[in-house]
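Knowing the structure of chain A, use the given hints to seat chain B on it.
Protein chains in written order, with the working numbering: chain A, 12 to 397; chain B, 12 to 397.
I should point out that these hints are in silico values taken from the structure, not numbers from a laboratory.
It should be emphasised that the depicted structure is a prediction, and the values quoted were computed from it without experimental measurement.
Please note: incorrect hints may appear among the correct ones.
No distinction is drawn between identical chains; accordingly, a pair holds when it is met within one copy or between any pair of copies.
What the hints assert, rightly or not - Derived DSS-like pairs: lysine-lysine, alpha-carbon spacing no greater than 25 Å straight-line:
1. K90 with K27
2. K22 with K138
3. K267 with K22
4. K190 with K344
5. K248 with K18
6. K138 with K18
Number of protein chains: 2
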Amino acid sequence: MNNFEFKNPTKIIFGKDTIKKLKEEIPTDAKVLLLYGGGSIKKNGIYNQVKTALANFDVIEFGGISANPEYETLLEALKVIKVQNITYLLAVGGGSVIDGTKFLSAAALYTGNEPWHILSNGVRTEKGMPFGTVLTLPATGSEMNSGAVITRKETKEKLAMGGSGLFPQFSILDPEVVKSIPKRQLANGLTDAFTHVLEQYMTYSVDAKLQDRFAESILQTLIEIAPTILKAEFDYKAASNFMWSCTMALNGLIQKGVPTDWAIHAIGHELTALYGIDHARTLAIITESHYKYNFEAKKEKLAQYGERVWNINEGSIDEKANAAIEKTTAFFKSLGINTKLSDYINDYEGTAEEIAKRFTNRGWLGLGEHQSLSPEKVKQVVKMAY
Amino acid sequence: MNNFEFKNPTKIIFGKDTIKKLKEEIPTDAKVLLLYGGGSIKKNGIYNQVKTALANFDVIEFGGISANPEYETLLEALKVIKVQNITYLLAVGGGSVIDGTKFLSAAALYTGNEPWHILSNGVRTEKGMPFGTVLTLPATGSEMNSGAVITRKETKEKLAMGGSGLFPQFSILDPEVVKSIPKRQLANGLTDAFTHVLEQYMTYSVDAKLQDRFAESILQTLIEIAPTILKAEFDYKAASNFMWSCTMALNGLIQKGVPTDWAIHAIGHELTALYGIDHARTLAIITESHYKYNFEAKKEKLAQYGERVWNINEGSIDEKANAAIEKTTAFFKSLGINTKLSDYINDYEGTAEEIAKRFTNRGWLGLGEHQSLSPEKVKQVVKMAY
Chain A
12 MNNFEFKNPT KIIFGKDTIK KLKEEIPTDA KVLLLYGGGS IKKNGIYNQV KTALANFDVI
72 EFGGISANPE YETLLEALKV IKVQNITYLL AVGGGSVIDG TKFLSAAALY TGNEPWHILS
132 NGVRTEKGMP FGTVLTLPAT GSEMNSGAVI TRKETKEKLA MGGSGLFPQF SILDPEVVKS
192 IPKRQLANGL TDAFTHVLEQ YMTYSVDAKL QDRFAESILQ TLIEIAPTIL KAEFDYKAAS
252 NFMWSCTMAL NGLIQKGVPT DWAIHAIGHE LTALYGIDHA RTLAIITESH YKYNFEAKKE
312 KLAQYGERVW NINEGSIDEK ANAAIEKTTA FFKSLGINTK LSDYINDYEG TAEEIAKRFT
372 NRGWLGLGEH QSLSPEKVKQ VVKMAY
Chain B
12 MNNFEFKNPT KIIFGKDTIK KLKEEIPTDA KVLLLYGGGS IKKNGIYNQV KTALANFDVI
72 EFGGISANPE YETLLEALKV IKVQNITYLL AVGGGSVIDG TKFLSAAALY TGNEPWHILS
132 NGVRTEKGMP FGTVLTLPAT GSEMNSGAVI TRKETKEKLA MGGSGLFPQF SILDPEVVKS
192 IPKRQLANGL TDAFTHVLEQ YMTYSVDAKL QDRFAESILQ TLIEIAPTIL KAEFDYKAAS
252 NFMWSCTMAL NGLIQKGVPT DWAIHAIGHE LTALYGIDHA RTLAIITESH YKYNFEAKKE
312 KLAQYGERVW NINEGSIDEK ANAAIEKTTA FFKSLGINTK LSDYINDYEG TAEEIAKRFT
372 NRGWLGLGEH QSLSPEKVKQ VVKMAY
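Just chain A, with the same shape it has in the complex (with noise of 0.2 Å):
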């Protein structure tokens, strides 16, 4: 196991009829800022909950907050807490939305000239101006880490940030919210907590016997309840099991202590920002060219992986390796997720050139967990994926 620190200060409010606790979590002298998605809360009923649980808070909205969160959007935000005195933000929505509010936290106190060197120059924030979060949307696990991914549209970039000042002061987790998502939203959650524990797993072992099986436990329980997920009822032991099991695939708990990759999600967010492919749907594409082009490295794991989650006992470690990655790309096509990038667009030919040469650009040498996915490499993943 590798030397690590763990600390996540988050204070999570699970289960049913939680949100009305949100007035007990917030200073009852803030000035709040309230910030939404597109508008569905209005329609499931979300909204009127929070509103009625602040209805003794001083509150302002700001809604429209897009998918891929973008820095123009967020500009107009910024201005709002300067010029109404904001003192405390409160996200309702997604990864999105949070992963917003994160920018915004960062930007408040952010003495710089430029908010956007936040992201390009990697400035990690200490202390960001507090928040809290209510998830409507579950896949990220945004609501109980640090981390945040921001979009330009202008220069068609997507960066992350973060630090350790940018963690929710409390996240609310209602699974009933999970009635009101769509299905193709549904799948993208599934798939984006899926692909964000094999990150931090499929690498090589330092015999963390703990953290694999923690891992382990987190992809068997999506597989379990996936079909349920799915399903047109709703069912509320299923949505708890979704809900707890993405928050807690990236809480930063399970890449404590071993090597993690992320070429996937690098190569993946690529992909949305030149094409606006959902987040999920990009690593569902780069997955299984990524495990096959990295195989001798990865084979061991992939072994292990196939055994202990997909139950494959037989054959060499090569073919219980190559029987698990198959047996990955099935699960995203059982979820109604294409994994090729010709399923998603027509004119593909030069996105792998174009990607190797956006990272030789940003100076990303070396991807992975051994940092050795070069650009050139990262060419011949997206090729094998197109």
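Quick look at chain B alone, frame taken from chain A:
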């Protein structure tokens, strides 16, 4: 899954050569009380590492905190805190030293007349004197939770306390400390952690799939590493897995959203209070008879545990559940831990009645996940453990 709240702000610093990081965690202007136990840290080099790290701090020492930390001793330490105007506590030890330090953290800021009331009246501590820990014995999980158990010799009482203000600010977990721990204490630590998990898992299903699997992950890991931990040669990898498993066994995570039992601990504490039997061994004494006596209520989960942890795949639910109990007893015995009260004391007649009487007097009329284990039933459980 049941509703739950979860927050654990302790910073874990894990790995080789990490004790020196102490100096980055304690405020430089702190007046530190360094608390430790019987002095083994002076023989195994940990004391020197701590003192070196704290070379530039104002430090006073208080040694002699015993296993099952005693109220009388802790009152002496409390005097030192008050007379010396201590502002920060540092526990260097195992669960007993850390538990004692938690009591001091609470008592130092307690405004009542009699610090014992924190225990006897169940006072929850929302704010204590800040403290950190250097863990020297993996077992109790106290390094990452907010609970403590304190003993009062004069009344032969052993009571629990806690509160959100009693999380360590940081805990340093260097697996190298395992090297110098006597085998008897290592066996106790394995048993203690194993039983912690059982108490949070061996109840009834609320379909909390991830919590179940995380619990099973810890049990599997403890079983896997136990033989290596008890070998003469030190194995850093096994020690790392041991240490992290003990912490995760009782840092609050696996008990969230599920019913918990804790009857084994409640009864076990009495055996320690009455006869001075090692805490972990009292748990091993009670486990088998508790599960046999409450077989009907627990057999579904016992069978699941048998299947997933012990690979018992043949037989009915009852057969699997019984086989799982047998495996558990055999595991304790493989560690050199005897599982009957008569293995430890000769004059055990009347023990069951005495414990039942104490529970009745304390108003503990229904223990366990169903609050249905009455003093009369406790008496039967203890008798079965003779």
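Hints and how they fare:
no., hint, verdict
1, K90 with K27, "neither (35 Å within a copy, 47 Å between copies)"
2, K22 with K138, "both (17 Å within a copy, 17 Å between copies)"
3, K267 with K22, "both (20 Å within a copy, 12 Å between copies)"
4, K190 with K344, "within (22 Å within a copy, 49 Å between copies)"
5, K248 with K18, "between (29 Å within a copy, 22 Å between copies)"
6, K138 with K18, "both (15 Å within a copy, 19 Å between copies)"
In this structure, only the earlier hint numbered 1 is contradicted, and the remaining ones agree with it.
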